[in-house]
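Since the structure of chain A is already known, use the hints to place chain B on it.
First to last, the sequence lines map onto chains A and B.
With my numbering applied, the first sequence corresponds to residues 1 to 425, in that order.
With my numbering applied, the second sequence corresponds to residues 1 to 402, in that order.
Take these hints with a grain of salt, some might be off.
[Stated by the list, open to error] Straight-line C-alpha distance at most 25 Å; calculated DSS-like pairs for lysine-lysine:
| id | chain 1 | residue 1 | chain 2 | residue 2 |
| --- | --- | --- | --- | --- |
| 1 | A | K269 | A | K231 |
| 2 | A | K253 | A | K276 |
| 3 | B | K203 | B | K258 |
| 4 | A | K258 | A | K276 |
| 5 | A | K269 | A | K253 |
| 6 | B | K250 | A | K417 |
| 7 | A | K404 | A | K31 |
| 8 | A | K417 | B | K278 |
| 9 | B | K370 | B | K158 |
| 10 | A | K278 | A | K78 |
| 11 | A | K48 | A | K371 |
| 12 | A | K342 | B | K73 |
| 13 | A | K222 | A | K258 |
| 14 | A | K231 | A | K278 |
| 15 | A | K371 | A | K31 |
| 16 | A | K162 | A | K232 |
| 17 | B | K118 | A | K302 |
| 18 | A | K211 | A | K232 |
| 19 | B | K250 | A | K269 |
| 20 | A | K162 | A | K258 |
| 21 | B | K392 | A | K302 |
| 22 | B | K115 | A | K302 |
| 23 | B | K29 | B | K250 |
| 24 | A | K342 | B | K398 |
| 25 | A | K269 | B | K158 |
| 26 | A | K258 | A | K247 |
| 27 | A | K232 | A | K258 |
Just so you know, these hints were derived from the structure itself, not from any lab.
Each chain, letter by letter, is given below.
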Amino acid sequence: MKSRSHITFISMFLIVVITGSITHAAPVRRKLAVEAGRIITIAGEDIKNGVILIEDGTIKAVGKDVDVPWDAFVIEAKDQVVMPGFVMAHTSSGLDRENENMPEVPFISTFDSIDPISTFFEDSLRDGVVAMLILPGNNTLLGGTGTIVKPYGRTVEAMLIKRYTGLKISLLPSPNTSRMGHMQRFRRYMSELKDYLEDYEQRKADDEEEKKPFDEEIDVTKQSMVDLLNKKLTAFIYCNRAAYVPKALEIQKTHGLKTVLVLGPDCYKAADLIAKSKLPVVLAPQLIIWETNEQTNEEEMKVIPMIFHRAGVKFAFQTDTSQYGSRYLWYQAATAVKYGMKRAEALKSITLYPAQFIGVDNRLGSIETGKEATLLFLTGDPLDAQTWVDQVMIAGEIVYERAKDERLKKLLEPPLKIQEPKDTD
Amino acid sequence: MRIYVILLTFLLLVTVFIAPGWAEVTAVKAGRILTISGEPITDGVILIEDGKIADIGTGIEIPENATVIDAGKSVVMPGFVDASAVQPVRGDLNEQSSEITPTLRISDALDPQSKVIKRVVQTGVTTLFISPGRQNVISGLGVVVKPTGNIPQQMIIKDEAALTVVMDMDPTQGNRIPRREPAVNFYYRRPGTRMAIIWMLRKSFFDAQQQADTEPISDPNLAILSEVLKDEIPIHVNARRAIVIRAALKVADEYGLKLIFQECTEGYRVAEQLAERKIPVVLGPFYYYPGSIGQYREGRQVNWNNAGILAEVGVKVALGSGGQPDTIDILTAATFAVRHGMDRDEALKAITITPAEILGVAERVGSLEKGKDADIVVLSGDPLDVTTRVEKVILNGKTVYQ
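Bound conformation, chain A alone:
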């Protein structure tokens, strides 16, 4: 009798400990039902008063007539707009330094440089970005490989979505080089790489002939370039000016690379060429540039997304902090809509398209059955400047709440009355 009570006690204690540790490790509720006023699915039509059913962080069902199971936790969002989180296909922010000071460093990775406490990530989450590909800057010819992260987590490992994705090739001449020298350097690197690979294959064949075990690995400094040639990595080719675009297309063709073009504002002049190549494009943060018409001497506004849109190029937006709105992906999309782009297409350019470009569209970019439940809860229409991101859900877990955002409060509310003489330089 006595021993039995001991056993009961111990087992009860164990149950308490185990369940406690489980809830501690995974605060995600297993089944969730989001009842939203409007769902912008991106994949299809908008749904008014719809329900999103989530199980283990994955979307199980979306629609108007979805039965909410009895054991699901219901999230009321009747006066909110729910849409998939924004995705950024290219950025060099959030790194302690963007560029290595040597031109050919394909072996380095931004994974080692991402600074999780950078305010950039905090801002990104607040602005509704849920995934971003962080690539090295544009000052290096072969800049290194990129990392896809979510802007949430205390360490890079916790933020990680996908390591080793994308390799930066910048056609912008490195400091102290001409364009000729820059292109020559690239060609020389590729031909040396080819020679090395031929030698390597030769050695491999020789060893196999002699029935010796072949255990030589590919040089680590060349591995990422080899992966690029094998299409395991996507090349993100940066073109600062329209003149570099043909070079980028030539590189893509000769080496048969999987390519995304990262363009400067000037590249709109090559829009038709890019359209013909059917390559995906990441536009510069600056969407409007002014040019003087040589004939009339009038100042003309060039709306870059519209030029690419009319040419039939599929593109994604990126952000910077140079202007009022350019730090927001929704503002970039709204600017395109302002000058005539279709709403649905503009919204895709900040969600689904960038997700496709960086290869995470199986998880992110739209609200569809089977995708990750990474959602934004907005106070209104995403393209309205008066709309705020109320909540961000990443894989079924609410990771941001505006009501609890102390920093935002500090930035918007009047300061507490301080003692006057406290102001020191």
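Chain B alone, transformed into the frame defined by chain A:
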């Protein structure tokens, strides 16, 4: 012969009398007119004669000879007034021969063919305040212009509109203290500290005060400063940090100056003092964080709702583009001010009537009222919507952009 003379005189008289009848009358029909001065008008008409608003309201009869601009469902607003605008001038904005140059007029350097003027008009701005650069302690006299005309005189609507004083650290930029070598370089002479900036300012006004009773004042610099002391010319003080704003208030108290603050990035920290003294502010370029853009290294604190907080306690707030028209247009400034907490109507006033009042040109521009200049912006929708476009800009009754 005589009959010819009589005939000619008769003909002349006829043309003179008939001419007013031929005067250009334009009527703008719009679904919604935001007059700013009063309530919005639905389905109204603005009658323009000789570049002025002849009548505005609903149910106005449109004369037969009038050219009708039908804006349909669009929203019509007064042209925007930018009180810290881009400078359409030729050459450098900063005079480097001296730190105290109150007699310099930026109107002498105006360039009507400037590219920025053609750009700025497309963003809906129809009145600009242009001031000299920010590298002198007292940098000179600003001018209020309209972005139209082929010669500077056609642009100017108010010359000597304000004296620009800079109390930020800008005048010390690049300056060094001479060590061993003699002070021959220009940069060796100018102020190196905030103390020196304020000392120079104080000394200038002190000298002007000393000379105030002598008539006439021989030094032209002091003549201008004594006009400032008599409140004949307003002064615009460029001040970003709270510490600078407080220092400016102190100097203003000493000499009885009436101030207008420019930029005022940390204005929210001294909002009550500004409201108490009825000092208007023109907020300059907006920064999300200090140091995020090269220009703003001063200050460590920003509040996104600077405009809203100031307006809330009763400070007259104007929103300026901060001289960056190709990146920031003034309507976006208002849109984001509202996003960050400013009242809607207040924000629309902050880009129209308030800057007009601050610049002293409110009798001509800033709102849609009878007798004011016909500066009209036609927008495709709500002014504070990001997806709204500027469809048409009418300046002095003439369509200058569409």
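Hints violated by the structure (listed by number, smallest first): 1, 10, 18, 19, 23, 24 and 25
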